[in-house]
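Taken in order, these protein sequences are the chains called Z and H.
Read left to right, the first sequence gives residues 1 to 446 (UniProt numbering).
Read left to right, the second sequence gives residues 1 to 446 (UniProt numbering).
Rather than coming from a laboratory, the hints here were simulated on the basis of the structure.
Predicted model, so just to flag it, every value in this text is computed and none were measured.
Heads up, some of the hints might be wrong.
Rough simulated footprint, nothing fancy, chain H against chain Z, three-plus residues with beta-carbon under 8 Å [stated by the list, open to error]:
# : stretch
1 : 297-304
2 : 316-326
27 Å max Cα-Cα, derived BS3-like pairs, lysine-lysine [what the hints assert, rightly or not]:
# : chain 1 : residue 1 : chain 2 : residue 2
3 : Z       : K306      : H       : K328
4 : H       : K127      : H       : K138
5 : Z       : K201      : Z       : K335
6 : Z       : K201      : Z       : K328
7 : Z       : K306      : H       : K335
8 : Z       : K201      : Z       : K13
Yeah, the Cβ is synthetic: ideal placement off N, Cα and C, and Gly gets one too.
Protein chains: 2
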Amino acid sequence: MEPVPERILTYAKETLAQLVAIPSVSAEGRGLEAAAQLVAEQLEALGLEAALHPTPGAPVVYATRTVPGAPTILFYNHYDVQPADPLELWETDPFTLTERDGALYGRGAVDDKGELAARIAALVWLKERYGELPFGVKFVVEGEEEVGSPHLARYVEENQARLAADACLWEAGGVDAAGRPLAYTGLKGIVALELVVRTAKFDLHSSYGAVVENPIHRLSRALASLRDADGRVLIEGFYDEVRPLTPEEEAALERIPDESPALAELFGVPAFLGGVSGTAFYRKLLAEPCVNINGFTSGYAGPGSKTVLPAEARAKLDFRLVPDQDPKRVVTLLKRHFERHGFTDVEVRVLEVGEKPARSDLTHPWVQATRAALAEVYGTEPVLYPNMPGSGPMHPFAHGLGVPVVGIGCGYPGSRVHSPNEHLRLADLERGIQAIARALERFALE
Amino acid sequence: MEPVPERILTYAKETLAQLVAIPSVSAEGRGLEAAAQLVAEQLEALGLEAALHPTPGAPVVYATRTVPGAPTILFYNHYDVQPADPLELWETDPFTLTERDGALYGRGAVDDKGELAARIAALVWLKERYGELPFGVKFVVEGEEEVGSPHLARYVEENQARLAADACLWEAGGVDAAGRPLAYTGLKGIVALELVVRTAKFDLHSSYGAVVENPIHRLSRALASLRDADGRVLIEGFYDEVRPLTPEEEAALERIPDESPALAELFGVPAFLGGVSGTAFYRKLLAEPCVNINGFTSGYAGPGSKTVLPAEARAKLDFRLVPDQDPKRVVTLLKRHFERHGFTDVEVRVLEVGEKPARSDLTHPWVQATRAALAEVYGTEPVLYPNMPGSGPMHPFAHGLGVPVVGIGCGYPGSRVHSPNEHLRLADLERGIQAIARALERFALE
């Protein structure tokens, strides 16, 4: 396998450094327009025609260059990132890309600015090799992925003709803990909610806790009612829409090497929910829906004690869904659950409109091309996930446009995506660029 | 009832103004030595012998003057105050006593510098009337009440002989919302704890919530296990040490005018725990122990959603205890409860050493003298609380020294104790001085 030339790696790093320098935090609504503008310029430098398409939220960067008679690949990425807090846990400024110990540190260094930079670098490389890009390229780079892509599904629906393509390369990927390359053909769906319990007009002296309801107690009970000790969701009807796996998907699950002991070690957890490992671990992680609590906030959080009875408690949570569950239906079931179990004081606020789950056909040539490219670059058979445990707006592409979607990329399990000290290892970046370039060549030219 | 002479009111105001001018904030460790020195001087001006007794924290001001053959009254007060912040909500400087609309404003204007000034003024008045103080007086004025009196219990234990007295006047009191005078003969005990659950080495992407335990879920379950919907604590053995009320205590509870509808309206709560009102409300508030959760902190608390699986969750809580419960035993029972119910992952940290509950004998002549004095001054029968719902270091006095303890004073429900714009109404100050003087005369001289 031909190494990535130094100038291409430098191009990738500089592209990434420019992107990381803009704090495009969608949850805080900042830096989005500037980041979109930069992405458009970076894609124009590739020879694409780029435009900012407005949405009710952040603009979508759309860029294209078609080649008559050649297939077209659609790239989906995003220029927004998660908030950087807690800031004090970062060893270097999250918005200054910093190279240290063979890795590039910064918010978005992998997710998703690093992945976007790797794709741009791969295309620059192919352009050098062939004089021109030898196949059609379309980019959809949105700015609201980290807040649930509230406007992307409609954007894709309204631009179906414009976005027509033969295959879609998804935003991210990487290697597992053992360094094996990963490819995936689906994502879980998601719906993010906030639960609010308010019990009084204002905070009271804690001695009134003898007679006045405590909102933390109420919210704790409500949260405890949502799942059992093994993680199984206890909401009535929650599993009714879960579609069984196909034989190919089942076989793919069984072929996933068991990384669960290594993950347990890395994360520092004594055991996984339900004590699962091996295929049972992957079935639970990938093929089963779940509920997760992202945060709980109420009352005094400072040092020492403050004896106060808070008036309000809030929790944020997300449900991860599998085909054919529907986010809206899950919200309805959750509200019904609270009504049935006496939690009428728990207000349910939908934070994100939600994303439907998606899975592509494992037998499609685009899936085969990416698998073969990964095998060639990494010297080992890739691990194929029918879907990843995470979520994203894949449904409108895979099921709306009807193109097969595959994700490969530059991350690893220790990348600290969404956490302080997010980083991209330079070795992952190089092989990611190689794999993307080879997958495109194999699908479009061979 | 003889009015308080103008010169005595002026003496009280000047005494209070000197005290308020020193920002003796124990939580911030400032102004404590200076305030202690001032209190010693003010008590020496009364003809007492005063000294600063060191503790591992702030010094205790001890002052005494005994009268052979006459009973001795022990005064417990404190010279420290709560922090003044948020400063921007004060209408005048918190550390400059300011008279406005018939009230004196400043941090500590009531709690507890105002109460101390009223006691000093009452003694000055009695001294004028009798030429000399006609009974023995001892003062214990500590500087760490607002941070849980961590060193007072040991101080009292180590000075039992020195502190011997016939009765004890507690630090504070006042009138209820209807203007009826209050007296109380006890306080609840307290122990403040923090619970910590740690499930992983670091925060993870929330999609791992399918297989990795969520600390908020664990802590929610643990908290939900502590009490039922009516507020009854579910820890095995928790009520074993609760002493039944005496017939006098029971009768006192039944005589408390039912303020529960007005409190429900003020607090904005549709009903109290267990639907109590009237005597049942006061029994639950005063005579039953409880657990209250002061705060819960984990994961993302900002706007919108952040799909993260936190590694750690923390909750702060306090137990309010009644005779003869013991803070240390409650901690042991709590730990045993968690072990029995499979919550071995919940770490229990004691934040404050705790205070034991205290109640004095309602039939003691000192209790009767204060009741009669209040009835005489206010022209209405006082409301007698066997104990207040709050806590304080009364146990070493009531049960260590074995003296009956009664609290009466100068506050009202709108005094804004611990809040911005704390104030002492001049009418409350005058009647407080009268009531203290009359209670002392009745007990010691009549």
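Results for each hint:
Under the rule that three or more residues need a Cβ within less than 8 Å of chain H, the assignment of the stretch 297-304 of chain Z holds, with 6 such residues. Counting residues of the stretch 316-326 of chain Z whose CB falls under 8 Å from any CB of chain H gives 3; the rule of at least 3 is met. Restraint check: the Cα-Cα separation between Z:K306 and H:K328 comes to about 19 Å, which is no more than 27 Å; the hinted pair holds. Between H:K127 and H:K138 the CA atoms are separated by roughly 15 Å; this keeps the pair inside 27 Å, and the hint holds.
Annotation: proposed proximity of Z:K201 to Z:K335 holds, straight-line Cα distance about 24 Å (limit 27 Å). Among the hinted pairs, Z:K201 with Z:K328 is inconsistent with the structure: their alpha-carbon atoms are about 32 Å apart, more than 27 Å. In summary, the hint linking Z:K306 to H:K335 is supported, as the alpha carbons are separated by about 22 Å, within the 27 Å threshold. Pair hint Z:K201 plus Z:K13 does not hold up; C-alpha atoms about 53 Å apart against a cutoff of 27 Å.
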